[in-house]
Amino acid sequence: MTRTQLIGLLSTIFLFVAIYFIFSFAEIEMTMLEVQKIFYFHISAAITVFLAFGVTCIFSILYLIKRGDTYDTIALVSTEIGIVFGVVVFTTGPIWARFAWNTWWNWEPRLTSALILWLTYIGYLILRSALAEEKKRIYSAVLGIIGFLNVPIVYFSVELWQGGLHPGTATKMNLPATMQTAWLISWLALTLLYLFLLMFRYRAEQMKLELGTIQYRQMNES
Amino acid sequence: MGVFRQIGWLIHKDLALQFRTKEMLALIIVFSVVVVLIFCFAFGPIFPEKLEERGKLAASVLWGTFLFAGIITLNRSFDIERANGALHGLRLTGVDASYFYLSKVVSIFVFLILLEVIVTPIALQFLDVLTILPVALQKELPWLLLKLIGVLAIGTLGFCAVGVIVSGISTNTDGTESLLSVILLPLTFPVIMAGAKCTVSLLTTGGLEGNFWISILIVYGLIFLASSSLLFEFVVEG
Amino acid sequence: MMLLQASQITKRFGNRIVLNGLDLNLRSGEVVTIFGPNGAGKTTLIQILSTLIKPTSGTLQIGGIDALAEALRARPSLGLVGHEPLAYLDLSPYENLKFFGRLYGLDGLEQRIADLLDEVQLIPYAHEPVKLFSRGMIQRFMIAKALIHDPMLLLFDEPFSGLDLAAKQFVLKRIDRERARGKGIVLTTHDTELGYHIGSRFHFLLDGQIERGAEKEDIGLEALAREYEDRLNRCQQR
Numbered sequence: 001m002t003r004t005q006l007i008g009l010l011s012t013i014f015l016f017v018a019i020y021f022i023f024s025f026a027e028i029e030m031t032m033l034e035v036q037k038i039f040y041f042h043i044s045a046a047i048t049v050f051l052a053f054g055v056t057c058i059f060s061i062l063y064l065i066k067r068g069d070t071y072d073t074i075a076l077v078s079t080e081i082g083i084v085f086g087v088v089v090f091t092t093g094p095i096w097a098r099f100a101w102n103t104w105w106n107w108e109p110r111l112t113s114a115l116i117l118w119l120t121y122i123g124y125l126i127l128r129s130a131l132a133e134e135k136k137r138i139y140s141a142v143l144g145i146i147g148f149l150n151v152p153i154v155y156f157s158v159e160l161w162q163g164g165l166h167p168g169t170a171t172k173m174n175l176p177a178t179m180q181t182a183w184l185i186s187w188l189a190l191t192l193l194y195l196f197l198l199m200f201r202y203r204a205e206q207m208k209l210e211l212g213t214i215q216y217r218q219m220n221e222s
Numbered sequence: 001m002g003v004f005r006q007i008g009w010l011i012h013k014d015l016a017l018q019f020r021t022k023e024m025l026a027l028i029i030v031f032s033v034v035v036v037l038i039f040c041f042a043f044g045p046i047f048p049e050k051l052e053e054r055g056k057l058a059a060s061v062l063w064g065t066f067l068f069a070g071i072i073t074l075n076r077s078f079d080i081e082r083a084n085g086a087l088h089g090l091r092l093t094g095v096d097a098s099y100f101y102l103s104k105v106v107s108i109f110v111f112l113i114l115l116e117v118i119v120t121p122i123a124l125q126f127l128d129v130l131t132i133l134p135v136a137l138q139k140e141l142p143w144l145l146l147k148l149i150g151v152l153a154i155g156t157l158g159f160c161a162v163g164v165i166v167s168g169i170s171t172n173t174d175g176t177e178s179l180l181s182v183i184l185l186p187l188t189f190p191v192i193m194a195g196a197k198c199t200v201s202l203l204t205t206g207g208l209e210g211n212f213w214i215s216i217l218i219v220y221g222l223i224f225l226a227s228s229s230l231l232f233e234f235v236v237e238g
Numbered sequence: 001m002m003l004l005q006a007s008q009i010t011k012r013f014g015n016r017i018v019l020n021g022l023d024l025n026l027r028s029g030e031v032v033t034i035f036g037p038n039g040a041g042k043t044t045l046i047q048i049l050s051t052l053i054k055p056t057s058g059t060l061q062i063g064g065i066d067a068l069a070e071a072l073r074a075r076p077s078l079g080l081v082g083h084e085p086l087a088y089l090d091l092s093p094y095e096n097l098k099f100f101g102r103l104y105g106l107d108g109l110e111q112r113i114a115d116l117l118d119e120v121q122l123i124p125y126a127h128e129p130v131k132l133f134s135r136g137m138i139q140r141f142m143i144a145k146a147l148i149h150d151p152m153l154l155l156f157d158e159p160f161s162g163l164d165l166a167a168k169q170f171v172l173k174r175i176d177r178e179r180a181r182g183k184g185i186v187l188t189t190h191d192t193e194l195g196y197h198i199g200s201r202f203h204f205l206l207d208g209q210i211e212r213g214a215e216k217e218d219i220g221l222e223a224l225a226r227e228y229e230d231r232l233n234r235c236q237q238r
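Protein chains in written order, with this note's numbering: chain A, 1 to 222; chain B, 1 to 238; chain C, 1 to 238.
Just chain A, with the same shape it has in the complex:
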């Protein structure tokens, strides 16, 4: 079994364990009842979004310094996975908001920062597809760095912008121990899933490059 498969297996196991803990172990929250259970995957996915784009930023910097195509590939696949986790966040978020605050969208700082970050990195992918092979690695690396620099500024702005309309939302909740455990396991499961997808997509990208080289060689020989 390869390392990728091992991580894949682990993340699957943890996902099932997490679901068990969320629905059977963690106590039911008093005001939101079962709907609150969406919280576990919502927050974990949101953290993974920041992690994924953080990885993009770091590997973009590495690419500009060392110019290894490996770094660029990791930055690319991490962005793609970050976008997918973003979709999880922005579908679970409104459901949560609908029951917690009776509205579909809420300008909570972390949610808003995630949204802006998400849009930025969708731009990153669009840019990549629009650029010629020759330059796309460098340009997308530059954008990968700039996009992430924006995060702290956006965060502080939004925090003050919505001006404490919703004091102590999901952010400052004191979780009971059972919920805490369930959340930690969900978070671990999604992080493992991220890691698995990263390795899997990375390998796929590598194979795509290799295939291109082989095709080119064959074309030349014939």
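None of these hints come from the bench; they were simulated from the model. From the three backbone atoms N, C-alpha and C, an ideal C-beta is built for every residue, glycine too. Be aware that one or more of the hints could be misleading.
[What the hints assert, rightly or not] Listed below are several chain A residues computed to face chain C (Cβ distance under 8 Å; list not exhaustive):
hint	residue
1	G8
2	E133
3	E134
4	T213
5	Y216
[Stated by the list, open to error] Where chain B lies over chain A, by a calculated footprint (3+ residues, C-beta under 8 Å):
hint	region
6	138-144
7	196-208
[Claimed, not checked] In the SDA-like style, the derived pairs of lysine to any residue whose C-alpha atoms are separated by at most 25 Å in a straight line are:
hint	chain 1	residue 1	chain 2	residue 2
8	A	K208	A	I22
9	A	K135	B	K22
10	B	K22	C	P129
11	A	K135	C	L68
12	A	K136	C	L68
13	C	K54	A	D69
14	C	K216	C	E229
15	A	K66	B	I223
16	A	K135	B	I154
Following the hints, position chains B and C against chain A.
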């Protein structure tokens, strides 16, 4: 010294190109006024009575308009660099990429601030903000406008800091104009947020109500000026 | 003195290999003509030699400077006449030369510009925008622009294409004069007659590789044309 002279010549060239065809400034002024008018009509049915709300409306109209005008200006400026290999000619002189970056930021900043000085009073008049200002503010109207331009200037500088590096990237693609907007707009959210907040409090109280928002504008500008002048070498040289 | 030393230059675009381990040397007073059909990689080679794009691998020295590690320092010693004007067509020749001359840090610039414009017969049009010029005038302007800083190494990419006879003669004379002044010149063309006339050493660029170097003393025009034809045919059969 040599550094500033080189940057100075680069700025001089940019401004010469921007003002060579007078139509460009005229076009962008007309564009901005039309956008303001569109907002006026769009908000017509719900045009607010209270100063506070009208101030908020004016702030959003001003910042939205200047954002779009800024994107057009950036696109045009980098079209000129890309056409006929002018940028390659520039690179061949051995000039440092960061000088090129800083000169572009300054020249686009100058162009936009000129636009803002002209359009802001017109927009405030169209949006009927000036007439309902408190008497105290009415008396020192020029001073208020000056402060407003100051806030616009700081925000515009931040916008240019990010805009120039993103345009430097997007100019190498085909769908340049739409692509620039898609990449640049999410990055400029803090400028819009903080700029609009400062503008609202200026228009309603004449002050800034604490330093938070103006600091956000300044910090944003500094972070992106510093990081982009380092990163611009990669954009130019590859 | 070795003006230019390129060794093992390889350039890949994705999987496509455009230049494959190419070597080229140039002394001052030499004119190297590189013959090659369209798409052979002539332009890519010139762009690499002028440091505008980086090779995938290989080394490049210009005037003893490692032009890959220190491109900015190497650039002032080379001049390029490419497909594009590498200048701002909205500006006049005078403004362009002044701008680029200043960036090169030249002394006595006014005199230098006046002399150059005189040589390329553009004095009457010195203050007209370049975009109004004919193809031949633009080519003369490009030569003036490439010579403004009196570089040791001159690169010409297809300098005769699209020119009428008089303009071709002008370019030939100009290249010959620079050679006589001890400059090193690399030029690419697919025109064997003109290329033979001006060159002192000849190479063929086929399949991404430099083939054969013949000195002018060793080969006549007809022999050269025949050999070029042969090699082209063999290359197409492969």
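Outcome of the hint check:
The closest approach between the C-beta of G8 of chain A and any C-beta of chain C is roughly 30 Å, which is over the 8 Å cut-off, so the hint fails. The beta carbon of E133 of chain A comes within 4 Å of a beta carbon in chain C, closer than 8 Å, and the hint placing it at the interface holds. Look at E134 of chain A: its Cβ gets to within about 6 Å of chain C, closer than 8 Å, so that hint holds up. The interface hint given for T213 of chain A is met, as the beta carbon of that residue sits about 6 Å from the closest beta carbon of chain C, less than 8 Å.
Given the 8 Å rule on beta carbons, the hint for Y216 of chain A holds: about 4 Å separates it from the nearest Cβ of chain C. Using a Cβ-Cβ cut-off of 8 Å, 5 residues of the region 138-144 of chain A lie near chain B, which meets the minimum of three, so the contact claim holds. Note: the region 196-208 of chain A has 0 residues with beta-carbon separation from chain B under 8 Å; the three-residue rule is not met and the coverage is violated. With a C-alpha separation of about 39 Å, the suggested pairing of K208 of chain A with I22 of chain A is violated against the 25 Å cut-off.
The hinted pair formed by K135 of chain A and K22 of chain B fails the criterion: a straight-line CA distance of about 35 Å is larger than 25 Å. For the hint pairing K22 of chain B with P129 of chain C, the CA-to-CA distance comes to about 15 Å; that is within 25 Å, so the pair holds. Only pairs whose Cα atoms come within 25 Å are accepted, and K135 of chain A paired with L68 of chain C is accepted, the gap being roughly 17 Å. Annotation: proposed proximity of K136 of chain A to L68 of chain C holds, straight-line Cα distance about 20 Å (limit 25 Å).
At roughly 16 Å between alpha-carbon atoms, K54 of chain C and D69 of chain A fall within 25 Å of each other, so this suggested pair holds. A C-alpha spacing of about 18 Å is found between K216 of chain C and E229 of chain C, which places the hinted pair at or below 25 Å, so the restraint holds. Distance hint between K66 of chain A and I223 of chain B is fulfilled; the C-alpha atoms sit about 24 Å from each other, no more than 25 Å. Restraint check: the Cα-Cα separation between K135 of chain A and I154 of chain B comes to about 32 Å, which exceeds 25 Å; the hinted pair is violated.
Hints 1, 7, 8, 9 and 16 from the earlier list are contradicted by this structure; the remaining hints agree with it.
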